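All chains, full assembly: derive it from the sequences and hints.
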Amino acid sequence: DQQVKQNSPSLSVQEGRISILNCDYTNSMFDYFLWYKKYPAEGPTFLISISSIKDKNEDGRFTVFLNKSAKHLSLHIVPSQPGDSAVYFCAASLSFGNEKLTFGTGTRLTIIP
Amino acid sequence: EADIYQTPRYLVIGTGKKITLECSQTMGHDKMYWYQQDPGMELHLIHYSYGVNSTEKGDLSSESTVSRIRTEHFPLTLESARPSHTSQYLCASKLSQGLSSPLHFGNGTRLTVT
Numbered sequence: 015d016q017q018v019k020q021n022s023p024s025l026s027v028q029e030g031r032i033s034i035l036n037c038d039y040t041n042s043m044f045d046y047f048l049w050y051k052k053y054p055a056e057g058p059t060f061l062i063s064i065s066s067i068k069d070k071n072e073d074g075r076f077t078v079f080l081n082k083s084a085k086h087l088s089l090h091i092v093p094s095q096p097g098d099s100a101v102y103f104c105a106a107s108l109s110f111g112n113e114k115l116t117f118g119t120g121t122r123l124t125i126i127p
Numbered sequence: 066e067a068d069i070y071q072t073p074r075y076l077v078i079g080t081g082k083k084i085t086l087e088c089s090q091t092m093g094h095d096k097m098y099w100y101q102q103d104p105g106m107e108l109h110l111i112h113y114s115y116g117v118n119s120t121e122k123g124d125l126s127s128e129s130t131v132s133r134i135r136t137e138h139f140p141l142t143l144e145s146a147r148p149s150h151t152s153q154y155l156c157a158s159k160l161s162q163g164l165s166s167p168l169h170f171g172n173g174t175r176l177t178v179t
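Protein chains in written order, with my numbering: chain A, 15 to 127; chain B, 66 to 179.
Keep in mind that a hint or two might mislead.
[Said to hold, decoys possible] In silico lysine-lysine, DSBU-like type, Cα no more than 30 Å apart, as pairs:
#, chain 1, residue 1, chain 2, residue 2
1, A, Lys85, B, Lys122
2, B, Lys83, A, Lys68
3, A, Lys19, B, Lys96
4, A, Lys85, B, Lys96
5, B, Lys122, A, Lys19
6, A, Lys114, A, Lys70
7, A, Lys114, B, Lys83
8, B, Lys96, A, Lys82
If you are wondering where the hints come from, they were derived from the structure by calculation, not from laboratory data. All figures in this text were calculated on a predicted structure; none of them were measured in a lab.
The following block contains the structure:
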């Protein structure tokens, strides 16, 4: 039973445009969400996170939006750059103290120059 | 940049062999984790540790075992490798500062059992 779902295995976006990566979750108890980025032959690196008490968190070109009623979050990258080409994983965690992450299957983002 | 190291990066080994995947971190993190990932699939937690002499099973059942004798070292051992163990194994660590402290991952070990 997959609790965190990324239904788009791949996405191609023109350089300079906005990339939108989506993530859905089924466990309403999740209250902390993270995005990780992974290049080939490397481990995932932390990108941005959001707590369930917020609906938006922004860090430079990256913004994460959380819609708790829809159990949906999205990562916006604008403007998209060639170095953003990677696999992006959505992850979720239960409340404070339980720090195990549940990951999605990832979305491969390709930025077209 | 996180300082967490995994060796070997790639390992091809025959069925029945005993293997140990090494993971070390130099950041003084008390929490350490092992994740397993098959291509195109999510990362599954197989083991974690809250500190020295602490080891717990993760969400995905695994025939591997771990030990945590030193803070910086969290090796994973397979006593008898099988083709079903072929996967990528990712080690991670974090500070005990709650959810706001993100996981730092190593570059992984890609294991192939023939």
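**Request:** Please work out if Lys85(A) and Lys122(B) have their alpha carbons no farther apart than 30 Å.
**Result:** holds, 28 Å
Would you mind confirming whether the straight-line C-alpha gap from Lys19(A) to Lys96(B) stays at or under 30 Å?
-> Holds: Lys19(A) and Lys96(B) sit about 26 Å apart, inside 30 Å.
Open item on the list: Next pair to validate is Lys83(B) with Lys68(A); report whether the Cα-Cα distance is within 30 Å.
Closed with: violated, 47 Å
Quiz item: Is the straight-line distance between the alpha-carbon of Lys114(A) and that of Lys70(A) 30 Å or less?
Solution: Between Lys114(A) and Lys70(A) the Cα gap is close to 22 Å, so the pair holds against 30 Å.
Lys96(B) paired with Lys82(A) [C-alpha distance capped at 30 Å]
holds, 29 Å
message: Lys122(B) and Lys19(A) were given as a pair; does the straight-line alpha-carbon distance stay at or below 30 Å?
response: Satisfied, since the Cα-Cα distance of roughly 23 Å is no more than 30 Å.
(Q) For a C-alpha distance cap of 30 Å, please report whether Lys114(A) and Lys83(B) respect it. (A) Roughly 28 Å between the alpha carbons, so the hint for Lys114(A) and Lys83(B) holds.
- Taking 30 Å as the top limit, are the C-alpha atoms of Lys85(A) and Lys96(B) close enough? holds, 28 Å
Against the hints set out earlier in the document, a violation occurs for number 2 only.
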